[in-house]
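Can you make the complete structure from the sequences, with help from the hints?
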Amino acid sequence: MRASLPGLTAVALAGITFAVPAHAGCAGGDGALKLEAPDGAPFAVTVKTRPGTVAVGEPFAADIAVCGKDGNTPERIAVDATMPAHNHGMNYVPEVKDLGGGRYAAEGLLFHMPGTWRVEVSVYADGKPHRLSRDVEVE
Amino acid sequence: MIFRLVLLAVLAAGIAGSPATADLLLAPDEIKKVLRHGPWPPEPKPDRSNRVSGSDEAATLGELLFFDPRLSRAGEISCARCHRPDLGWTDGRAKAEGVARLDRNTQSLFNVRFARWFGWDGRTDSLWAHSLGPILDKREMAADADHVATLLKRDEQLSALYRAAFGRAPDGVDAETLMVDAAKALAAFQETIVSGSTAFDRFRNALARGDTQAAAQYPQAAQRGLKLFVGRGKCHFCHTGPLFTNGEFADAGVPYFTGPGRVDPGRHGGIKRLKASPYTRLGAFSDAPDRSGAWATRQVRQHHRTFGEFKVPSLRNLTRTAPYMHNGSLATLADVVRHYSTIDLERLHTDGERILEPLNLTAREAADLVAFLETLGEGE
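Sequence order for the protein chains is A and B. The first sequence maps to residues 1 to 139 in this note's numbering. The second sequence maps to residues 1001 to 1380 in this note's numbering.
Treat the hints as calculated values from the structure; they're not laboratory data. As the structure is a computational prediction, the values presented were derived from the model and not from experiment. We put the beta carbon where it would ideally sit given N, CA and C, even for glycine. The reader is advised that the hints may include incorrect statements.
Said to hold, decoys possible - Partial list, derived from the structure: chain B residues whose beta carbon lies under 7 Å from chain A:
| no. | residue |
| --- | --- |
| 1 | Phe-1237 |
| 2 | Asn-1246 |
| 3 | Ile-1355 |
Stated by the list, open to error - Here are the simulated DSS-like pairs of lysine-lysine, each with C-alpha atoms no more than 30 Å apart in a straight line:
| no. | chain 1 | residue 1 | chain 2 | residue 2 |
| --- | --- | --- | --- | --- |
| 4 | B | Lys-1272 | A | Lys-97 |
| 5 | B | Lys-1275 | A | Lys-97 |
| 6 | B | Lys-1138 | A | Lys-34 |
| 7 | A | Lys-48 | B | Lys-1033 |
Pasting the structure below:
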C-alpha cells in the first residue's frame, strides 16, 4: 500500500509502515547519532548501534538512516571506522544490507581498542561518494 | 583525664592517617580503566561450531588423546610434548619442536577457549580447527586422517569414549570426519584449561565493591606498574579486558625474519590460510546450522599492514609461560618491558598503527611494570 502526502513518502512493507521525509528520519535522538557532513552535503545520515552500548572487542551492528535533500537519493553506502590518533581502522569489513527507503543495516563492526573512533558513512550518488562522519568515545 | 584526652587524640590521629586510602595510588579515571579488566573469569560460552563443546564425555576423550603419543605418526609425540601442564601448557622453549623445529614459540593453552582467533597468525577460527594443525603438520605430529581414524577404531577405550561423546561408534564413519571429531574432543578438553583468580583480580574486585582498605593491600610497586600500564605505557590499548588481550593482532617491533631469505608473514599469511581452509566456521565441518560465529571469518580484512603482525597474547599467568613474543626471543618479563621501553620505531610497519613509542622507563618504573605483570599470575 502506498500513500502520498505533501512532503512525505509513506511506504508499507510487510505490515510495517514508516515515513522517510526529507531529514525527519535523520534528525538524530533516541540513541541515534547524527553524522557530521561537509557544508552543502546533499545527504544527512544517522547511525544507531545494536546493542546501544558498544563494548571493546565485541561485534556490533548499526542501523543507518540516509535522507536526501532536494530529491537526492543514495545509490549505495559504505560503512567503516578508523582511530585517527592510532592510524588504523577496523579489522573487519562491515556487511551492508539495503533495507529500502534510505534504511540500511551494517553487520560485523568491531572496535578492538578503547578510545576515539571515527564512524564513517560514504553515501554514493551519481557515482560520487559523499563522506559523513562522527567521532565516538569507546571505553 | 589528661591521659585520656591524649589517648583519644592519638587514636583519632591514627584513624585519620590510616593506610586504607593513603596507600591506594590510582586516580578515579585510572580506577575506571582498571575495572574493565574484570571480572574474572568471563562467562564461558559453548562453541556452536563444535557440537561436543562443553561435553564432559568429549572432554574425557579429548584429555586422553591430548596425552597420547599414538596420535602422531611415529607414535612418539603427543600434544603434551609442547603443551606441558607443568610448564604453563607451553614447553619453556623459544621455539616449538616436534619432528622438526618450528619458527614460533608454543602458545600457552590457558584460557584458550575465550579466543576468537588461534595461533600467532590467527590461521584458524575455532579451537577444534586449530587442534587439527599440529596433527597434520609434517614438522609436528605428521599424521593424517587415516592414522587418527585407525587409532579411534582399534583402541577399545577410545572407541567406547568416542561412542559416549558422539552418540555413534567410530566404525562406518569416514576418516576425515573421525579426525575432525577427535579435534573437537581435544577442543572440549582444552576448554577446561581456565586460569584462576589472581592478586590483581582481588585488587580489581575490591575496587569494584568500593573496599579501599582491601584494595590498599595490593603491593605499591604493582599499583605504580598498573598506573603505567593504563597510562603512559598505553599497554591497555591492545591488552584489553579481563583476558588482557583484544584477541587481535599487532606489530610489536619484533623481527620476523626466520632465517636467511625467509620471513614470517604473520597475520597476513594467517588470513590467507584461513580463507583457503575447509576447516572453518564457514565450512562443512562446522556444527552450527546457521554458521553463527562465522561473521569474522567472512568479513576479516586483509591489508598490507597485517604482514608481520602477530597475535596479542593474554597476559594472564605470564610468569609461567616464558619465553615471550612470537619467536620466543625475550627470555624474561624484564626483557619484555625493556623491549617496549627502548622500542625501535624503524622496525615498525610503515603502514601500521601509531601507538607504540619508546617509553624510556627508569629502572624503578621498569621494575614496577614487571611487579604488576607478576600479579596476573595465579598464586603470585
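Hint check results:
1. Phe-1237: 5 Å, holds
2. Asn-1246: This interface hint holds because 5 Å falls under the 7 Å limit.
3. Ile-1355: For Ile-1355 (chain B), the interface hint holds, since the closest Cβ of chain A sits about 5 Å away, which is under 7 Å.
4. B:Lys-1272 <-> A:Lys-97: Holds, at roughly 26 Å.
5. B:Lys-1275 <-> A:Lys-97: 23 Å, holds
6. B:Lys-1138 <-> A:Lys-34: 55 Å, violated
7. A:Lys-48 <-> B:Lys-1033: 25 Å, holds
Going through the hint list in order, the structure does not satisfy hint 6, though it satisfies all others.
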